[in-house]
Amino acid sequence: MTEALQETPQQASPRRAVFHPLTVSAVRRLTEDAIEVSFAVPAELAGQYDYLPGQYVALRTELEGQQIRRSYSICAEPVPGEIRVAIKRDLGGLFSTWANANLKAGDVLDVMSPMGAFISRHGMTEMNHPEQLLGEGAKAGGSFVAFAAGSGITPVIAIARTLLAASPETTFDLVYANKAAMDVMFLEELADLKDKYPSRLGLHHVLSREQRISPLLSGRIDAAKLATLFETVLDTDDVDEWFLCGPFELVQLCRDTLAARGVAAEKVRFELFSTGTPDRPEGQAGRPVVVDESARNYSISFTLDGLTGKVSSPTHARESILNAALRVRPDVPFACAGGVCGTCRAKVVSGSVEMDENYALEPDEVAKGYVLTCQSHPTTDEVAVDFDA
Numbered sequence: 158m159t160e161a162l163q164e165t166p167q168q169a170s171p172r173r174a175v176f177h178p179l180t181v182s183a184v185r186r187l188t189e190d191a192i193e194v195s196f197a198v199p200a201e202l203a204g205q206y207d208y209l210p211g212q213y214v215a216l217r218t219e220l221e222g223q224q225i226r227r228s229y230s231i232c233a234e235p236v237p238g239e240i241r242v243a244i245k246r247d248l249g250g251l252f253s254t255w256a257n258a259n260l261k262a263g264d265v266l267d268v269m270s271p272m273g274a275f276i277s278r279h280g281m282t283e284m285n286h287p288e289q290l291l292g293e294g295a296k297a298g299g300s301f302v303a304f305a306a307g308s309g310i311t312p313v314i315a316i317a318r319t320l321l322a323a324s325p326e327t328t329f330d331l332v333y334a335n336k337a338a339m340d341v342m343f344l345e346e347l348a349d350l351k352d353k354y355p356s357r358l359g360l361h362h363v364l365s366r367e368q369r370i371s372p373l374l375s376g377r378i379d380a381a382k383l384a385t386l387f388e389t390v391l392d393t394d395d396v397d398e399w400f401l402c403g404p405f406e407l408v409q410l411c412r413d414t415l416a417a418r419g420v421a422a423e424k425v426r427f428e429l430f431s432t433g434t435p436d437r438p439e440g441q442a443g444r445p446v447v448v449d450e451s452a453r454n455y456s457i458s459f460t461l462d463g464l465t466g467k468v469s470s471p472t473h474a475r476e477s478i479l480n481a482a483l484r485v486r487p488d489v490p491f492a493c494a495g496g497v498c499g500t501c502r503a504k505v506v507s508g509s510v511e512m513d514e515n516y517a518l519e520p521d522e523v524a525k526g527y528v529l530t531c532q533s534h535p536t537t538d539e540v541a542v543d544f545d546a
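By this note's numbering, the letter at position 359 of the sequence shown is numbered 516, and the numbering carries on one by one without gaps.
Keep in mind the hints are simulated off the structure, nothing from the lab. Here a beta-carbon is modelled for each residue, glycine too, at the ideal position from N, C-alpha and C. There's no promise every hint is true.
What the hints assert, rightly or not - Per label pair, the in silico range of CB-to-CB distance:
id, residue 1, residue 2, range
1, 393, 467, 47 to 55 Å
2, 186, 464, 20 to 28 Å
3, 453, 418, 33 to 41 Å
4, 372, 416, 25 to 33 Å
5, 325, 464, 47 to 55 Å
6, 463, 259, 15 to 23 Å
7, 389, 349, 22 to 30 Å
8, 223, 418, 40 to 48 Å
9, 325, 467, 54 to 62 Å
Please model the entire structure based on the sequences and the hints provided.
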């Protein structure tokens, strides 16, 4: 996943994450290791599955006796009655391996309502849902640049399609990194998009394990190659928004390079496959914790859907607030459990916590008391958080 890390405008994710069973309407192979999966959205759930290009959903099913949740970005511009995601097989990935080998039309999976803030806040005025515009200054047109690697193209292609269609004044440059040509997801769709907007879409395929005519487009994207791209292909001065989606190392390199070149942080949207130090999600329903009421425990209370729950957490267990809440209420919202997506966001209303990682909240959100509960641990004897805030 792809999952979202910028300031979250109120319009971007007005709903709490809720799962509904949806039927797979089609499965299309993109590469040897990737498929596109379409879900049919019934009319009565249409409002639950409105989305903005760049947002994601979580899929939930049971495999090998355990509940599995995985997040995937939506790969198409908004289309009523349909949600489409791309699933690339990860080495050792239980869900992605199963999906690539077995998922077919007619299967039913639990699909979370769309979430995420990896979205344009500049140029989306001509959309299916104009009431969801992202900010006072949103307008059509503008200059955009995206760096994507592998399945990071999934949200980016949806964003590019929508922005280019929104205004004849829009320009979009896409630098897309893969190992080889056979690994390029949405290859034909990108070529069609280039044919449709030949003067407004710059498409730059970089292959790390294949030699291309231009040395600049061959090999891994490192600091030297990135500097050359900025000096010869991309102009950082005139870009209205940047979109970065891929592994931690590439996204961080791009962020650092853009910052060094004076690009304002608020112009940069980014989404990670995972953090630089991937940690254990601690299971899909809360790892077991033995609570001794005679020992010292934290008291954690949380509000969700207007109902308040309470749970004790041993001080020595260093249990996250999300994990503790899941032990008593399995419908607490989360997706990645790694500090990346922001689905488990809640507001601290009393007490205090410490957050280990934060790739999903902006400083102003943290200043207002919002935390990622999957990364938050109590630092006071009593803590209360509000998922409804």
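Against the structure, the hints come out as follows:
1. 393 <-> 467: 47 to 55 Å: For residue 393 and residue 467 the Cβ distance comes to about 51 Å; the hint holds.
2. 186 <-> 464: 20 to 28 Å: violated (44 Å)
3. 453 <-> 418: 33 to 41 Å: violated (50 Å)
4. 372 <-> 416: 25 to 33 Å: At roughly 27 Å between Cβ atoms, residue 416 and residue 372 fall inside 25 to 33 Å, so the hint holds.
5. 325 <-> 464: 47 to 55 Å: 50 Å Cβ-Cβ, so the 47 to 55 Å window holds.
6. 463 <-> 259: 15 to 23 Å: Hint violated: Cβ distance 39 Å, outside 15 to 23 Å.
7. 389 <-> 349: 22 to 30 Å: holds (27 Å)
8. 223 <-> 418: 40 to 48 Å: Given range 40 to 48 Å: holds, Cβ gap about 46 Å.
9. 325 <-> 467: 54 to 62 Å: holds (56 Å)
Checked against the numbered hints above, the structure breaks hints 2, 3, 6 and satisfies the rest.
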